[in-house]
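Participant: Chain by chain, the residues run as shown.
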Amino acid sequence: MDPAFLAVQALSGLSSASSLFITACGLTIVFGVTRIVNFAHGSLYMIGAYTAATLVPRLLELSFGPVTFWAGILASALIVGVIGVIIEVLLLRRIYGAPELFQLLATFGVVLVVQDLVVQVFGPQDILGPRAPGLRAPVEILGRRFPSYELVLIAAGPIVLGLVWLLLRKTRFGVLVRAATQDRDMVASLGVNQALLFTGTLFLGAFLAGLGGALQIPRVSANTGMDLSIIAEAFVVTVVGGMGSVPGAFLAALIIGQLQAFGILIFPKSTLVVVFLLMAVVLAIRPYGFFGRAEVIGGTHAVGIASRTPLPGRSLILLVVVAILAAFPLVADAYLLKVATEILIFALFAFSLQLLIGVGGIVSFGHAAFFGLGAYGAALAVKWYGVSMEAALPLGLALAALGAALVGAFVVRLSGIYLAMMTLAAAQILYAVAFQWVEVTGGDNGIVGVWPSPWAGGPVPYYLLTAALTVVTVLLLKRIIDAPFGYSLRAARDSEARAEAIGLKVRQHRWLAFTIAGAAAGLAGGIYAFSRGSVDPSLLGISTSVDALTMLLLGGIQTVMGPLVGAAVLHALRDWIMPLTSLWRLLLGLSIIAMVLIFPRGLVGTVRDRWEARA
Amino acid sequence: MATISTIRWLALGAALALGAPAAQAQQPPIKIGELNSYAQWAAFTVPYRNGWQMAIEEINAKGGVLGRKIEIISRDDGATPGSATRVADELVSREGVSLLFGSFLSNVGVAMADFANQKKIVYIAAEPLTDAITMAQGNPYTFRVRPNNFMQVGMLVEQAKASGAKRWAIVAPNYEYGQSAAAVFKRLIQEQVPGAEIVAEQYPALGKIEAGATVSALEQAKPDGIFNVLFGPDLTQFVREGNTRGLFEDATVLSLLTGEPEWLLPLKDEVPEGWTVTGYPWDEIKEPKHKAFIDAYRAKYNETPRLGSLLGYMVAYMIRDAIERAGSTETEAVIKALEDAKFDTVIGPVTMRGIDNQSTMGAWVGKLVQKGATGGMTDWTYKDGAAFMPSEADVKAARKD
Numbered sequence: 161m162d163p164a165f166l167a168v169q170a171l172s173g174l175s176s177a178s179s180l181f182i183t184a185c186g187l188t189i190v191f192g193v194t195r196i197v198n199f200a201h202g203s204l205y206m207i208g209a210y211t212a213a214t215l216v217p218r219l220l221e222l223s224f225g226p227v228t229f230w231a232g233i234l235a236s237a238l239i240v241g242v243i244g245v246i247i248e249v250l251l252l253r254r255i256y257g258a259p260e261l262f263q264l265l266a267t268f269g270v271v272l273v274v275q276d277l278v279v280q281v282f283g284p285q286d287i288l289g290p291r292a293p294g295l296r297a298p299v300e301i302l303g304r305r306f307p308s309y310e311l312v313l314i315a316a317g318p319i320v321l322g323l324v325w326l327l328l329r330k331t332r333f334g335v336l337v338r339a340a341t342q343d344r345d346m347v348a349s350l351g352v353n354q355a356l357l358f359t360g361t362l363f364l365g366a367f368l369a370g371l372g373g374a375l376q377i378p379r380v381s382a383n384t385g386m387d388l389s390i391i392a393e394a395f396v397v398t399v400v401g402g403m404g405s406v407p408g409a410f411l412a413a414l415i416i417g418q419l420q421a422f423g424i425l426i427f428p429k430s431t432l433v434v435v436f437l438l439m440a441v442v443l444a445i446r447p448y449g450f451f452g453r454a455e456v457i458g459g460t461h462a463v464g465i466a467s468r469t470p471l472p473g474r475s476l477i478l479l480v481v482v483a484i485l486a487a488f489p490l491v492a493d494a495y496l497l498k499v500a501t502e503i504l505i506f507a508l509f510a511f512s513l514q515l516l517i518g519v520g521g522i523v524s525f526g527h528a529a530f531f532g533l534g535a536y537g538a539a540l541a542v543k544w545y546g547v548s549m550e551a552a553l554p555l556g557l558a559l560a561a562l563g564a565a566l567v568g569a570f571v572v573r574l575s576g577i578y579l580a581m582m583t584l585a586a587a588q589i590l591y592a593v594a595f596q597w598v599e600v601t602g603g604d605n606g607i608v609g610v611w612p613s614p615w616a617g618g619p620v621p622y623y624l625l626t627a628a629l630t631v632v633t634v635l636l637l638k639r640i641i642d643a644p645f646g647y648s649l650r651a652a653r654d655s656e657a658r659a660e661a662i663g664l665k666v667r668q669h670r671w672l673a674f675t676i677a678g679a680a681a682g683l684a685g686g687i688y689a690f691s692r693g694s695v696d697p698s699l700l701g702i703s704t705s706v707d708a709l710t711m712l713l714l715g716g717i718q719t720v721m722g723p724l725v726g727a728a729v730l731h732a733l734r735d736w737i738m739p740l741t742s743l744w745r746l747l748l749g750l751s752i753i754a755m756v757l758i759f760p761r762g763l764v765g766t767v768r769d770r771w772e773a774r775a
Numbered sequence: 142m143a144t145i146s147t148i149r150w151l152a153l154g155a156a157l158a159l160g161a162p163a164a165q166a167q168q169p170p171i172k173i174g175e176l177n178s179y180a181q182w183a184a185f186t187v188p189y190r191n192g193w194q195m196a197i198e199e200i201n202a203k204g205g206v207l208g209r210k211i212e213i214i215s216r217d218d219g220a221t222p223g224s225a226t227r228v229a230d231e232l233v234s235r236e237g238v239s240l241l242f243g244s245f246l247s248n249v250g251v252a253m254a255d256f257a258n259q260k261k262i263v264y265i266a267a268e269p270l271t272d273a274i275t276m277a278q279g280n281p282y283t284f285r286v287r288p289n290n291f292m293q294v295g296m297l298v299e300q301a302k303a304s305g306a307k308r309w310a311i312v313a314p315n316y317e318y319g320q321s322a323a324a325v326f327k328r329l330i331q332e333q334v335p336g337a338e339i340v341a342e343q344y345p346a347l348g349k350i351e352a353g354a355t356v357s358a359l360e361q362a363k364p365d366g367i368f369n370v371l372f373g374p375d376l377t378q379f380v381r382e383g384n385t386r387g388l389f390e391d392a393t394v395l396s397l398l399t400g401e402p403e404w405l406l407p408l409k410d411e412v413p414e415g416w417t418v419t420g421y422p423w424d425e426i427k428e429p430k431h432k433a434f435i436d437a438y439r440a441k442y443n444e445t446p447r448l449g450s451l452l453g454y455m456v457a458y459m460i461r462d463a464i465e466r467a468g469s470t471e472t473e474a475v476i477k478a479l480e481d482a483k484f485d486t487v488i489g490p491v492t493m494r495g496i497d498n499q500s501t502m503g504a505w506v507g508k509l510v511q512k513g514a515t516g517g518m519t520d521w522t523y524k525d526g527a528a529f530m531p532s533e534a535d536v537k538a539a540r541k542d
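So the sequence lines, in the order shown, correspond to chains A and B.
With the working numbering applied, the first sequence corresponds to residues 161 to 775, in that order.
With the working numbering applied, the second sequence corresponds to residues 142 to 542, in that order.
It is worth saying that the hints were derived from the structure and are not from the lab.
Backbone N, C-alpha and C fix where the C-beta goes; we use that ideal spot for every residue, glycine too.
Hints may be right or wrong, so weigh each one.
What the hints assert, rightly or not - Chain B side only, calculated, beta carbon under 8 Å to chain A, not exhaustive: (1) Ala183; (2) Ser215; (3) Gly223; (4) Thr226; (5) Ser234; (6) Leu347; (7) Ser357; (8) Ala362; (9) Asp365; (10) Pro374; (11) Thr385; (12) Ala534; (13) Val536.
To be verified - Here are the computed lysine-lysine pairs in the BS3-like style, where the Cα-Cα straight-line distance is at most 30 Å: (14) B:Lys203 to B:Lys427; (15) B:Lys302 to B:Lys477; (16) B:Lys508 to B:Lys210; (17) B:Lys363 to A:Lys543; (18) B:Lys441 to B:Lys430; (19) B:Lys203 to B:Lys541; (20) A:Lys543 to B:Lys537; (21) B:Lys349 to B:Lys432; (22) B:Lys260 to A:Lys543; (23) B:Lys537 to B:Lys261; (24) B:Lys477 to B:Lys409; (25) B:Lys172 to B:Lys260; (26) A:Lys543 to B:Lys327; (27) B:Lys172 to B:Lys508; (28) B:Lys172 to A:Lys543; (29) B:Lys427 to B:Lys477; (30) A:Lys543 to B:Lys261; (31) B:Lys477 to B:Lys363.
To be verified - Rough simulated footprint, nothing fancy, chain A against chain B, three-plus residues with beta-carbon under 8 Å: (32) 315 to 321; (33) 493 to 500.
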C-alpha cells in the first residue's frame, strides 16, 4: 500500500487519539478521586462543543485572529468547568456513598436533562464552528494534503498529558488528588477538606471534557448525539487504561485511535465493533485494565431484595390479578390494549433484570442487549427463513439465552463498576453489529414486516397472548427466586467470600442467573418486535437499558414485585406525557435524579414500609 | 366495571352519532395525522411544517373541505422506524385520524409504508426518497410526492454524459436512502455512459461520518467523477474536509439535494462551486403563482423558503383536493381519488401515477455557485418528473401487488 496513504492514515489516527485522550483523561481523574463513573461527562463534552461553536464566531467578529480563536476555546472549556462544579455541588456530593447503580443512574439522569436543555438553549440545528484562523490551508505530507488543524490536535494530547502530569506531581492539589485516588478514607481522616478537593476535581474533569469538545468545532459540527457517542468511547479508553490512571488512558487512546484509522481499511463497516471488542479482550485478560487496581472498597455495595415472610392469601391475590388481566379487553379500547400490551412486555423485561440486580447483585448496565437479541432473533427468523410467529418467538428467546450465556461467561469474572462497564460494552457491541452489519440486520433501516400470525393479529388476541406469556414467565422467575438457587444468589450477593466458604459455586450460579435473565428479556424482546411490526438498533441502545433500570428503581429495587409496578407507572406516564411536551427527557432525567436522592426505596418499597410502620 | 362499560357504550354511541352523515351539520373537523422528525432533522422539517400550516390556514379560512375544517394532529416520529410506527398507531387508534402523511428519513418511510399496508390506512410519504416506497415495498395505501431516487439520479446522470468522467466514486449515508441512491446510480451510469466504472464506494453511518478518513479513502482511488448522496451535518463536514484536501478540484461532482437551501445554507462561504446538483433556486423563480407563494411565505415567517416549505404547502393542498374529490375520508374513496389524479399546484400540474403511486413532481437541476455569504444555484432548469419515472415494466416487475 502507498506509504503516503499509510502515513496520513496514521496521523489521522493520532489526532483522534489526542481528542479522545483529552476527554477521557477528565473522566478517569474524576473516577479516581470520587469513585463515580460520570455518565454526564459526555454531556459536558457536548456542552463544550456547543458553547465554543456559538461563542467563537461572535468573538471572531469582534477581532479576527488566532489569539481570539484559542481564547474562545479556553473560555468555553472554563464555562464547562463551572457547570461541572454546579453538578458536583447539587448532585454528586449527595451520592458519593450510594451504591454504584444509583450513581450511574443519577448521572445518566443528568445526561437526559442536558440533552433537552441543549436543544432549548442552542436550538435543534447542528452547528459547525469556524475554522481556526491561520490553519485553513493544508500542509503537504509525502505529496498528500493534510489539514493543518489536525496537526495541532495531535500536539494537544501530549501537551495536556504534560500539564496534567505537572499538576498532579508538582502542586498540593495534585498530591491530594493522587492520595485520594489511592485511599479516599485515609485522606479524609487526615483532615483534608474533602468538599473542596472533590469540587476542584470535578472542575478539572469538566474543564477537560469541555476542552475536548471545544477543540472539535472546526472539524465536527456540534450535534445532539455527540454526548452518548463520546461517552461510550471514553468509557472504553478509561476501562482499558485502568480506571483512575491518566497514563493508562493515554496509552489506550493511542491504541484505539490507530485501531480506528486502520480498522476502517480492513473492516470498513465494523469500526464500532472493533473498539468494543478491544475492551472485551483486555478485560477478559486483565480485569482491571492496563494500569488499574482492584477495587479497594471493602464490603458489599449491592442493594437487593430482602427476605420476608410471604403474604397470607397469595394465591387469592394472584387469581384476582389474572382475572383482572383477562377481563381487561372487555373494558378497554384498541389503543388502551396496545398500551397495556407494552406495559406487560416492559414488566417482563424489568422483572428479568430484577433477577440479576435485586437477587444476584449483578449490576447489569446492558440488559437491552438481550431484549434486542430476542427482538432481532425473532425478526431475522421471519425475514430470512419466513417462519411464523409461533416459531420465531422461541428462536428469539434461544438467541438471547445463547448471547447471555456467552456474555455471562466473561461478566461473572468481574465485579462492581467493571462489571457494569463490561455489560454496557456487550450491549454496545451488539448495537454496533445490528447497526453496521447492513446485509443481515438492515442496519439503520431495521427489519420491517414482523407482524404476528393472523390468529393473534388483532389487539385483543395479541394482548391476551402477551399477558399469558408474561404471567407464566414471571411466575417461573418468581419460583426460581424463591428456590434454593435464588437464595444461593442472594448469599453470593451479600457476601461472596462467605458464600464460597460454604461451598456455593458463585460464578456458576451467577452465570446461570445471567442466562436465565437474558432468556426472559429475549422473550420480552420477541413479543415487543411483533407488537410493533419492526425492529431497529435503538432496541439495543443505552436508553433501552436505562429504561429497564428506571422501572426497577421506580418500583423499588428491594421488592420482588417492584419492577412490575415500576414498568406500569413509567410506561403509563410516558404514554400520557410524551405527546404533550417536547421535554420528556428532561422530565424523565429529573425524576430519575429525584428518585435516587429522596425516594431510593421506590413505590412498592415506600408503600410497604408505611404499611409495616402502621402495623 | 358496570359503570365503566356503560360509559364506554355511551361514548361509542356518541362517536357513531358524530361520525354519521346526518351529524355533519355540526361539522366536526376532518382529523389528519402528521408525523415527522421535528427534533432530529429540524433543518428540513420545521420549514416543512411552516409550509403545511400556511396551507391549512388558507384552506380553513376558505371554509375547509366538504364543509368541514381540516385539523392536523402533528407528532414527532422519533426518526427511527419503530418509534414512527408506534406514533402512527397512536394517531390512528387513539386520535382516529383519517389518513397519515409525513416522515423524513427513507428507512422510516419504508416502515410507515409497511404500517399503512398492514393497518389499511392511506399514508402520503411526502419526503422519503427511496425507490422502495413506490417499488419493491410499494402498496396500494402508500403514495409519494417528491421525485424518487430513480428520477433525481436520472436527471443528474443526464448531466454527467457531457463531462466525460469515467472513473466514478460514490459516497452515501449507509441507510435506506443512501443505499437506494447508490444502487440506482450504479445502474444508470453504466447504462448511459459507456465505459463508466465505479472505482470507490464509501458508506459512512448516517450522522456519524469520519470525514477525514472518508475523503482520504476516496482520494486514494483517484476518481474523475464523484457521486454524493450525503446531506445535513455529514455533508458539511465532507465538503470542508474535501475542500481542504483538494478532492473536488479535478473531478466532476454530481450531488443529490445539495442545491436545497436546507443543506446549502450551513455551508456558508465554503460552497463547492461547480457541483451539479438537484435543489431549489427559490431566489430566481419567476412564475407568478410560485413567486406569490414565495412572497407570502417570506412575509408570514420572515425567513426565506426551503424546499421543505414548498413541499409541505403542496402536500396539504393535494390532500385537500383528494378529500374533496373523494367526497369523504373513507380510505377506499381517497385511494381512488388519488390514483391518476391531476393536481394544479403552485409549481404547475402534477399527476399521481396510478401504477406506482408516484407523483410527477420534478426537481430543479443546476450548478452550485457562491452568492455572497451563502450558496445558490445557477444555470438551472426545472425538470418535470414525468420524463424520468421508472418504466411501467420496471414497476410491474418490482411491485408485489
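Participant: Run every hint past the structure and note whether it holds.
Facilitator: Against the structure, the hints:
Taking 8 Å as the C-beta contact cut-off toward chain A, the hint placing Ala183 (chain B) at the interface holds, the least distance being around 4 Å. Nearest Cβ of chain A to the Cβ of Ser215 (chain B): about 10 Å, over the 8 Å cut. The hint is violated. With a least beta-carbon distance of about 5 Å to chain A, the hint placing Gly223 (chain B) at the interface is held under the 8 Å criterion. Because the beta carbon of Thr226 (chain B) sits about 6 Å from the nearest beta carbon in chain A, less than 8 Å, this interface hint is met.
The beta carbon of Ser234 (chain B) is positioned within 8 Å of a beta carbon in chain A (closest approach about 4 Å), and the interface hint is therefore held. Interface restraint check for Leu347 (chain B): the shortest CB-CB distance to chain A comes to about 6 Å, inside 8 Å, so the restraint holds. Among the interface hints, the one on Ser357 (chain B) holds; its C-beta lies about 6 Å from the nearest C-beta in chain A, closer than the 8 Å criterion. Because the smallest distance between the Cβ of Ala362 (chain B) and any Cβ of chain A comes to about 11 Å, over 8 Å, the interface hint for this residue is violated.
Residue-level restraint check for Asp365 (chain B) is violated (minimum Cβ-Cβ distance to chain A is 18 Å; threshold 8 Å). With a least beta-carbon distance of about 4 Å to chain A, the hint placing Pro374 (chain B) at the interface is held under the 8 Å criterion. The criterion of a C-beta within 8 Å of any C-beta in chain A is met by Thr385 (chain B), whose closest approach is roughly 5 Å, and the hint holds. A least Cβ separation of about 25 Å between Ala534 (chain B) and chain A goes past the 8 Å threshold, and the interface hint is therefore violated.
At its closest, the beta carbon of Val536 (chain B) sits 20 Å from a beta carbon of chain A; the interface hint therefore is violated under the 8 Å criterion. Taken as a hint, the Lys203 (chain B) and Lys427 (chain B) pair is honoured in the structure, with Cα atoms around 27 Å apart against an allowance of 30 Å. A hinted pair counts as satisfied when its Cα atoms are at most 30 Å apart, and Lys302 (chain B) with Lys477 (chain B) does not qualify at roughly 40 Å. Of the pairs offered as hints, the one joining Lys508 (chain B) and Lys210 (chain B) is violated, with about 42 Å between alpha carbons and a cut-off of 30 Å exceeded.
Distance restraint check for Lys363 (chain B) and Lys543 (chain A): the Cα-Cα separation of roughly 39 Å exceeds the 30 Å cut-off, and the hinted pair is therefore not satisfied. The straight-line distance between the Cα atoms of Lys441 (chain B) and Lys430 (chain B) is roughly 17 Å, inside the 30 Å bound, and the hint therefore holds. For the suggested pair Lys203 (chain B) and Lys541 (chain B), the alpha carbons sit about 41 Å apart, so the restraint of at most 30 Å is broken. Distance check on the hinted pair: Lys543 (chain A) and Lys537 (chain B) sit about 23 Å apart at the alpha-carbon level, within 30 Å; holds.
Pair hint Lys349 (chain B) plus Lys432 (chain B) does not hold up; C-alpha atoms about 38 Å apart against a cutoff of 30 Å. A distance of roughly 20 Å separates the Cα atoms of Lys260 (chain B) and Lys543 (chain A); the hinted pair therefore holds under the 30 Å criterion. Note on Lys537 (chain B) and Lys261 (chain B): the hinted pairing holds, with a Cα-Cα distance of about 21 Å set against a maximum of 30 Å. In summary, the hint linking Lys477 (chain B) to Lys409 (chain B) is not supported, as the alpha carbons are separated by about 45 Å, beyond the 30 Å threshold.
Annotation: proposed proximity of Lys172 (chain B) to Lys260 (chain B) holds, straight-line Cα distance about 17 Å (limit 30 Å). Taken as a hint, the Lys543 (chain A) and Lys327 (chain B) pair is honoured in the structure, with Cα atoms around 26 Å apart against an allowance of 30 Å. Restraint check: the Cα-Cα separation between Lys172 (chain B) and Lys508 (chain B) comes to about 42 Å, which exceeds 30 Å; the hinted pair is violated. Proximity of Lys172 (chain B) to Lys543 (chain A) is assessed by CA-CA distance (about 35 Å); at most 30 Å being required, the pair is judged violated.
For a cut-off of 30 Å, the pair hint linking Lys427 (chain B) to Lys477 (chain B) is broken: about 34 Å separates their Cα positions. Note on Lys543 (chain A) and Lys261 (chain B): the hinted pairing holds, with a Cα-Cα distance of about 22 Å set against a maximum of 30 Å. A C-alpha spacing of about 51 Å is found between Lys477 (chain B) and Lys363 (chain B), which places the hinted pair above 30 Å, so the restraint is violated. Counting residues of the region 315 to 321 of chain B whose beta carbon lies closer than 8 Å to any beta carbon of chain A gives 4, which meets the minimum of three for the stated coverage.
Note: the region 493 to 500 of chain B has 0 residues with beta-carbon separation from chain A under 8 Å; the three-residue rule is not met and the coverage is violated.
Consistency note: the structure conflicts with the earlier hints numbered 2, 8, 9, 12, 13, 15, 16, 17, 19, 21, 24, 27, 28, 29, 31 and 33.
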